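Protein chains in written order, with our numbering: chain A, -2 to 395; chain B, 15 to 396; chain C, 339 to 506.
Not one of these hints is a red herring.
Pairs of lysine-lysine, BS3-like flavour, derived with a Cα cap of 27 Å:
| no. | chain 1 | residue 1 | chain 2 | residue 2 |
| --- | --- | --- | --- | --- |
| 1 | C | Lys482 | B | Lys75 |
| 2 | B | Lys370 | C | Lys389 |
| 3 | B | Lys233 | C | Lys443 |
| 4 | C | Lys425 | B | Lys75 |
| 5 | B | Lys370 | C | Lys443 |
| 6 | B | Lys219 | A | Lys332 |
| 7 | A | Lys151 | A | Lys91 |
| 8 | B | Lys321 | C | Lys403 |
| 9 | A | Lys376 | B | Lys219 |
| 10 | C | Lys403 | B | Lys79 |
| 11 | B | Lys323 | C | Lys425 |
| 12 | C | Lys482 | B | Lys79 |
| 13 | C | Lys482 | B | Lys321 |
| 14 | C | Lys425 | C | Lys443 |
| 15 | B | Lys323 | C | Lys482 |
Calculated directly from the structure, the hints in this document are not laboratory data. These numbers were taken from a predicted model, which means no experiment stands behind them.
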Amino acid sequence: MQPFIDQLIQEGYFSALPRDLAYAGFIVLVAFAVLSFFVAPLAGITSWLERRVWGRMQSRVGPNRVGPQGILQWLADGIKNLLKEDIIPTAADKWLFALAPYIVFVGFLAAFVVIPFGGKLIVADLNIGILYLLAVTSLVVVGILMAGWSSNNKWSLLGGMRSAAQIISYEIPAGLAVLTIVLVAGTMSMQGIIQAQGWAPWDWLLFYNPFTFIAFFLYFTAALAEGNRTPFDIPEAESELVAGYVTEYSGMRFLFFFFAEWGNLYVIGAVAATLFLGGWQIPPIPALADYPVVKGILQFIVFFLKAYLWVFVAMWVRGTLPRVRVDQLMSLCWKYMVPLSFLCLLGTAAWMVLWPQGNRVASVAMFLLGSAIAVLFFKRVNYQIRHARPVLYLKPYI
Amino acid sequence: MLMSANIPAESEVFHTEDMIISMGPQHPSTHGVLRFIVRTDGEVMREAIPDVGYLHRSIEKIGEKVTWHGFVPYTDRADYLAAMFANQGFCMAAERLGGIEVTRRGEFCRVIACELNRIASHLIAVGTFGQDIGAVTPFLHALRERETINDLMEEICGARLTYNYIRIGGVGYDITSETCDRITAFLDHFEPIVDEYNRLISYNKIFVERLVHVAPITKEDAFQYNIVGPNLRACGVKWDIRRDIPYSVYPELDFDIPVGTGEKGALGDCYDRYMMRIREMEESCKIVRQCLKMLPPGPAISKVARKFKPPAGEAYVRVESSRGDMGFYVVSDGSEYPYRVRIRTGSFTAMSLVSKLSQGLMVADLIALIASLDVDAPEIDR
Amino acid sequence: MEAQEIYRRLEQRFPGKVNGLRADVFDPDLHVEPQAIVEACRFLRDEPDLKFEVLSDLTGLDLPKENRLQVVYHLYSYTHRHQIVLKVDLPREEPQVSTMEEVWKAANWMEREVFDLFGVIFEGHSDLRRIMLPEDWVGHPLRKDYVEQEEYDGISTQRAPLVEKLLR
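Using the sequences and the accompanying hints, generate a full structural model.
Shown next, in the form of structure tokens:
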């Protein structure tokens, strides 16, 4: 980004402004563009996709009326919610009540600054990239606690407290899994981590050694818990706490929480793709060396698909698994995931002492193992699909 | 030094109180309009006191104002998810008082309709159970099957939920042979579905972990509190009205009574009660198949006077409904209006046990407990 | 066990307190004096030959023509598969009887319902309050001479004025 702006200033634009202000202004402009033209439709399309995927899993259709295949449903929902009455309970704490959704929103939105969409497509390649992301996504805890407290409702309070406990606890396995990767890549910058991997699957950090393989699953589970997704969606468990911490919210404020949740899904997928799956790396095709734009677009598509795969998996998991109880959730985190993530960290450190340049044989072996697991898994899925009974249509008598 | 400082005891510094929450009449997962006043200490409950009566429609008082035939639709509403059984109970009581013999075809039609209704009721029970625990997909799969049963019921008697099918003396409408073919097609389709349902949710580790060792009911408690139906069988007591105080044509049919064995946890815990309902669905399929084969020709209803006036007397009839033993205590004084109709339902006594079982559970377990007891607000309040 | 036999055993144990066996109906029933009902039920529950483990039903029956209110207890035994109905006659003005809660806990809620709908006071009950109707309801609906109150919480309960209001 910086060389690009230097080039523009050399060519005469913005020459009256002080250089730092030009940088700052440009970054704000790009951030705004990313927000309105990428993040908002992204969260909306994710919500549509979730409802369709969920519906098909439950043997029903999902929204399919508004726009082709219902793709504009999120727009209709957004407009409807904007037009709703803004209800704040009389006994609620007005300022906190109004502020809470925005803090949650900021918590997830600020993460988009460091997501690497392509080789040069990143808003700001901070040299503490992943640390910044982990820190900023913890901001949602504050927002959720504010929402739970300020609603002046015991159910919301319970939901808010549960959520705070959950998110804070699951930061630790997530952070340790990320630390494992940072150890291998040697840098915290997102582009740096991607450049430490290659385009081929056996060059991905996922298959680097068995410990990073385990770290991936730890990261994914912990990220689901941080995003309040099933099986860890206790804070908004509909059947227990009505709607947990969002009980008293209605209209656009309510939608902001869910906007943040769906957008957060994408952040989870993007981070998983960056850290473990090689990010935007594409095979080096000599013909593309002259067309950087095409290359950029190809990298963007590859990254998007890798991230969206995990979004789809999160939706799949939501449709299948029941909810974990709060004490089981806590014991899972503290008694199982935290020791396991420490083990991964120490194992990776030992591995790096033994093989400082990495062990190609081990990587390829892990890749074959991973593919074997994936093949078995899909065979099982195929079995279930083949043995699923179709809907019975008895010719109606009436 | 710190040791000599006067540090007050923790209980004097942190004054804690129990939180009293009302799990109010409007709540997505109490089964019907029920209210619980929950006293909790954080997540762990001290007690959950049920507060019923939000759906009280005074059906028993109405029974004294309408005629014998006219009360049958009211019994549907006593438990709308298992309406056939209520119909049957009242009609059996009236027939016992009036000395009326039901035709053989009528008895078989009654059993077919009742067992199909049992399958439908259990589908709702296990579906909403899954939904309360958090898995929303099984609920919709169960409802998809129940839609076919509702369509079959509509073919048989014209209504999908409150049937008014079983009348005094027999059944209201005959079952045609096309309907029998469709019922057979449904059963062929449904029996593997129970397997699929089990593969989806029943043995899922998270589901099992949520339910085992939660609120086991001992046999002594079950007898003291008069718990009936699948809840009683889950405690290990092999008691089923269809087998032990037989009525209608059940003595001629061959079916098993599934009993809880504590397979994955304590005997009589929530998981056992859940699996009872799954097994009972399979047994009901067997019963319906036998009945369809044995269906004799003949009239579906015997002649009963328009103004039905049974001689004075009392009768207590028990019917094995999907929620347990439904008892009908009917008193007649010789006129064409009943003198007293009393419906005793399994959910009423099950609710009285919730207050004792809920001590020490977590709020999430309370939901699992209510769902596993399969209480139904219209049954409790009538 | 036959109803005659049960009656004989009860008469042996509580002489003079039981009477009025009707053995030739579908559900044989007998009458017990109100003072002795709790002890009789405890005996019926604990005696090995009789072993009535469950209280199937506890309800009331209003007989204004004979000027009494009956509380009816249906007992059932899972071991011996027999059933008996006990009836207790109470005066209609001030019906009172001891609670059956210590013998069977199921009686707790059932007695609350009988209190709510018939007005029978159960002495010694741990928590005797209305269960189906709201706490501030007046009257006991299942009695034959019950007249509904004119208004509840400001809403008229009489149908005719509502119909007139709609037609106007």
